[in-house]
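Once you've looked at the hints, dock chain B against the given chain A.
Protein chains: 2
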Amino acid sequence: MTLPIASVPNGTVTSAKGFSAGGVFAGIKTPGPDKKDLGIIYSEQPCAVAGTFSQNTIISSTVVLDQERVGTDKTVHAVVVNSGCANTAVGEQGMIDAKEMTKLAAEHLGVSEEQTLVSSTGVIGVEIPMALMREFIPQIEVTADTHGGNEFAKAILTTDKRTKEIAVSFDVDGVTHTVGGVSKGSGMIHPNMATMLAYVATDAKVDSAFLQSTLSEAVKLSFNQIDVDGDQSTNDTVLLMANGEAGGSEISGGDEASETFAEAVRQVCEFLAIEIARDGEGATKLIEVTVDGAASDDDALLASRSCAASMLVKTAVYGRDPNWGRIFMAVGKAEIKLDEAKIDCYVNDIQIVAEGKGISYNVQSVVSALGGDEVRLRVALNIGDGYGRAWGCDLTEEYVVFNSAYTT
Amino acid sequence: MTLPIASVPNGTVTSAKGFSAGGVFAGIKTPGPDKKDLGIIYSEQPCAVAGTFSQNTIISSTVVLDQERVGTDKTVHAVVVNSGCANTAVGEQGMIDAKEMTKLAAEHLGVSEEQTLVSSTGVIGVEIPMALMREFIPQIEVTADTHGGNEFAKAILTTDKRTKEIAVSFDVDGVTHTVGGVSKGSGMIHPNMATMLAYVATDAKVDSAFLQSTLSEAVKLSFNQIDVDGDQSTNDTVLLMANGEAGGSEISGGDEASETFAEAVRQVCEFLAIEIARDGEGATKLIEVTVDGAASDDDALLASRSCAASMLVKTAVYGRDPNWGRIFMAVGKAEIKLDEAKIDCYVNDIQIVAEGKGISYNVQSVVSALGGDEVRLRVALNIGDGYGRAWGCDLTEEYVVFNSAYTT
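As you go down the protein sequences, you meet chains A and B in turn. Heads up: the first sequence at position 251 corresponds to 251 in the working numbering, and the numbers run straight through without jumps. Heads up: the second sequence at position 382 corresponds to 382 in the working numbering, and the numbers run straight through without jumps.
Be careful, since some hints might not be right.
Stated by the list, open to error - If you want the footprint, here are the derived chain A segments under chain B, 3+ residues with CB under 8 Å:
{"no.": "1", "region": "78-89"}
{"no.": "2", "region": "123-132"}
{"no.": "3", "region": "268-278"}
{"no.": "4", "region": "312-325"}
{"no.": "5", "region": "338-347"}
Read the hints as simulated data drawn from the structure, not as lab findings. Since this is a predicted model, take the numbers as computed values, not measurements. Just so it is clear, CB atoms sit at the ideal spot from N, CA and C, and this is done for glycine as well.
Okay, chain A solo, but in the shape it has when bound (with noise of 0.2 Å):
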């Protein structure tokens, strides 16, 4: 059981104490109103930090680092991101530039270079304009309230169409944990590959082991299932803080308070990751697929991923087709345990499927489901209690212009 758990109106990264963010414009991505394109998050008070990387081989110097500087027993105090440029495939100079920006970071902030992140995204193969980051890094200036967070927000965009923000927050014997983040996902500035990036940050005192399998498991649920187009980057980061600020007792898993922040975490990746799907590139909708009644939870969480990664589902539905025969390629190409005679599935809450056969459906209901903003297709598999959940967005003309545009 979990104990209440409550939205924080204007929620961000900023919502739990003892943290502050900001943004500045330090001009490595191409100017706009109201633009920023490097950022930091930062706690007074060192952080349990937890974190989950991109599985590529080839990985940002960013990464590297952070994944040397996460850790049981290790704490950090900020993490500084730019956009525009991922800091990838450019030699030894990016694990050099990586560490610079993390000094710059540290000495602006007065705490520990070793206990200070970094990310990037943006363009691969292209180094770091460090003279930017050594001018305006020093600049940014951090504040502790929902504009300080928003500004961080819009620093680690690249052309997402707006930024992704939460907080929830619940009670513990009168104290009140909070639970902010921020994400970001598909963009491109130079037409390039997107990274998803995400910090979450709490002022719940947190066991570091707890800390990470918490993290880890709410990232499987909700990062780990999201689709915009099968490509995964050399720069995919997710970190979760805590910096004990909110003065409760030590949350270290096995008890309702535990259980509680183990669910506010995973809530609000779950809105971060949903958001990402919603804002993918080209993209006019959200599919969410949820598969039931499968063997196991980890055969629904692959079977959902693989219909809302599925190129043909996803223009089916961008073009309203009610094509189940596509859902039925895509739930068998991932290979799981089924019975084709006992599948039904529903577009929204509209049966179009029943045992394995399509039936005598209202086609124009059908139709104007798949015309709204988000589209709920169901696969039940009725042979077990396997449950899993996966977002993704439809798939329009608009991501091929945006990813073909080249302009020499």
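For chain B alone, kept in the frame of chain A given last:
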């Protein structure tokens, strides 16, 4: 070593002795000039037969039936194929109709039902219009000439833009052996997923176990290395039939004739696979990705396929964008062994990356290379002798239009 292998002019599936074929328009697809949707390949002599089939958990009844009838010590005389309807996800009716199709073809040809195979391609979830099958299967005239092979090649197309046909021949001790084949790739009728079908026929006399191992190896290097949209059909089928009509000695492995036969089959499969990639939905060009210097051939096959299947590589090639960061991302997400600092990349023969970093190349020459009908990407990993190739096509707005055009 292999013996010389020659191309057969106007080669097709009937180029091998003793095979005849034909096709008719039965009315499953919408009518059009010279359109066919139902065809047969036939051999009077019984054929040893090998097959590879879709790995999707949900497969057509035609695939289930063919799997039962293909194998060591089994022989077949014919395969009947319709386009326009996949005979998939239609419940128990699927197998009833698949069997009846083979019965109709067997009666028409005067062979046994158990020695007749069947494939279907088209919309999922719709039953085969058996009234049309009963009327038109008996009307299919099979002929042993190029015309017959060409009619069959037309009959299996969905929205492929052209037929895919080839034959090669080689002499063993003065006896000419021929291997001919046809395939079809990505298309739709009512917007739907594509099916990959290929039929290879040879007049060589081949031991059935050697026939299967030859086909499996050839498919691994050809059909399994192409990608249009990452989705895997429920009906994918490749069949290899050998009727021994050339009159040569049995080919059973371990000698020059066997190696030559395997090489001829590989060449036919590679040609047919490349033609499918080139003719992918909405494609404007063929992309060939070569990975060499890998730790193993399997690593090279995986990495080349990951690259050929990446939506961001496909859109970059479409946009003539020499964006090697996307190539790095795609190679890295294959999770093979590599050393980033040793990677070289080439577009056609122009080097753009040396030792993991971008070099100063003439941009316009690369943009021009990317503008051709065929683009060759090469990734040299420089850590071993592993070699592999894969083929894809670019991703264009047309693919999205094609697959989202719902018209009710």
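Now the hints, each set against the structure:
For the region 78-89 of chain A, the proposed coverage by chain B is satisfied: 3 residues have a C-beta within less than 8 Å of a C-beta in that chain, meeting the threshold of three. Counting residues of the region 123-132 of chain A whose beta carbon lies closer than 8 Å to any beta carbon of chain B gives 4, which reaches the threshold of three, so the coverage claim holds. As drawn, the region 268-278 of chain A meets chain B at 0 residues by the rule of a beta-carbon pair under 8 Å; below three, the given contact is violated. Closer than 8 Å: that is the beta-carbon criterion, and the region 312-325 of chain A has 10 residues meeting it against chain B, so the requirement of 3 holds.
Residues of the region 338-347 of chain A lying with their CB closer than 8 Å to a CB of chain B number 3, which satisfies the three-residue condition for coverage.
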